[in-house]
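Number of protein chains: 2
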Amino acid sequence: MKGADMAKIYLGIDLGGTEVKLAVVDAYGNILEHASFQNSFNSVPEEVVAEIVRFSRNMKHFSEVSATGVGVAGDIDQQKGVVRFSPNLPRWKNTPLKKLLERELPGIISIDNDANAAAWGAYWLDAKGKVRNLICVTLGTGVGGGIICDGKLYRGATGTAGEIGHIPLNPDGPRCNCGSFGCIERYVGAAHLSSQAKELLKTRKHSKILTLSGGDPDAITPYILARAAESNDTIAINIWKTAGRQLGIVFAGIINFFNPEMIVLAGGVSKAGKLILDPIKETVRERAFEKPASICKIVISKYTQKLGVVGAAFLSR
Amino acid sequence: MKGADMAKIYLGIDLGGTEVKLAVVDAYGNILEHASFQNSFNSVPEEVVAEIVRFSRNMKHFSEVSATGVGVAGDIDQQKGVVRFSPNLPRWKNTPLKKLLERELPGIISIDNDANAAAWGAYWLDAKGKVRNLICVTLGTGVGGGIICDGKLYRGATGTAGEIGHIPLNPDGPRCNCGSFGCIERYVGAAHLSSQAKELLKTRKHSKILTLSGGDPDAITPYILARAAESNDTIAINIWKTAGRQLGIVFAGIINFFNPEMIVLAGGVSKAGKLILDPIKETVRERAFEKPASICKIVISKYTQKLGVVGAAFLSR
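Just so you know, the sequences run in chain order L and G.
Letter by letter, the first sequence follows residues 32 to 348 of the numbering used here.
Letter by letter, the second sequence follows residues 32 to 348 of the numbering used here.
No lab work stands behind these hints, which were simulated from the structure alone.
Since no wrong hints were added, every one of them can be taken at face value.
Copies of the same chain are indistinguishable here, so a pair counts whether it falls within one copy or spans any two.
Think about it this way: if two alpha-carbon atoms lie no more than 20 Å apart in a straight line, the pair counts; the simulated SDA-like pairs of lysine to any residue are: (1) Lys272 with Asn201; (2) Lys322 with Asn125; (3) Lys111 with Lys322; (4) Lys183 with Glu292; (5) Lys312 with Ala188; (6) Lys161 with Gly190; (7) Lys39 with Ala58.
Based on the sequences and whatever the hints tell you, model everything.
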């Protein structure tokens, strides 16, 4: 970017099913100020837009904002700025979000899928914009992703590109929410990690996992599994090893196919850190072509909390 | 392209392990003249280059050629125009092919991997340059591929991108030549199709496959398997169904991840036509996300024989 552009200020909005986060971001990705409000399953677009506008206008730097970007959890028509649908916001259906915001907020408004926005954030924050090709994988309830190709956000033919969670790990595996079978999300999504633990604990009653979950197998979370593994709990350690190996198998295929310089892991489950990263790297070394594997950095984002808003803010850059 | 460019003429060279093909190609992809000579496992780069130069100079249109492209079966440094290595041409090691040719041939010389050249050919011939994102899959002894991203040949960080054959189908499957396990190539590569037939014929002695192979199970080829299936041989039909289903599973993952407008199948095995195409399409419909699957055309190249030379010729376009 040119010197003058580095003085610009952007507004980024991460519009999720349970929360809407807003941040004013400088051109270096620093958050100058931020705010958030609750969203709910039955929220009405017009009301959420009104809240976004109110919160934005209350920002100290509002008058300096040169462009606004919104990452939405859903299927987005980026060109038209329309939310086609959002599984967790059923009343958002063909919502012309860009038009609704254009009346109220200054500058160019860009709308994209939240996983794409996060990938764009990872590109600027974790990779400092210094690689050409990057994959960002969001590990949470679902497994999402975004692709940076030749320094640009790649959306594919219908804006769906990056659905890494729905690459098959085992085509004869269990049915996935998407209708297919054995997708990687079906193995390493947060709920599936927890239910694996629950299953394994049926035959072993003493585990740090149960202590941490207050004895309630339904209260097990990836966070608890990470803490238990750090206390050397065998079941928890094995769950992370297996999850890392499974992701590593899929990543080996992605590396052979897409040959990226970097894979960035983000999202709640990625907080397991080395527990999941080490087996991923080991499996990639064992399975991917040597050269592309050797240059592909696999890292956990240092900016998980910021990726969504900063990436959204930078959509118009 | 501009009008003036449409009058340009290109030289394309497909440098394979057993044969070198040359063609003079116009800007519409028509082959104006062509030639070929044998190559061998132990060929010496300087001698092959001398032959390429001799054959090129003998071309009637040689003086009109504005640029030359070479697709080489091997690992290529496209920027430097160096053949790093070629599994089927062991004496080609860090061969500065571009430099060697620059002394002898006019215009810009571009060197790339043969699967990339074929993908570029498929982009211009099968897709007429009218899509943005395309995958070309070469089905032969191995399973190769190339990626067109945003209308450009995508090579990835180290020029390895497009190794579709080494996406895992079954991570616990048999060992692949690449060192990994259960890669799709290990299931649908020509030799593996033939050996599946051989295996299945152990328990059934009467089959059109054996008639066509002169009773010799070692003489079974994908060509024979296609002819046998067309004569309603159950074993052959099932082999194609299974291969199509296996490719469809991998393609579903590619469609979810990369969201291309088109997947073009090329290479000898693709001549099985509908036998393999129908189960691919059916499996993709069952397994990929609906929207990206519905817009992704999956076709068999109408130009398999030409893709390599025309794609190479167009590398410098």
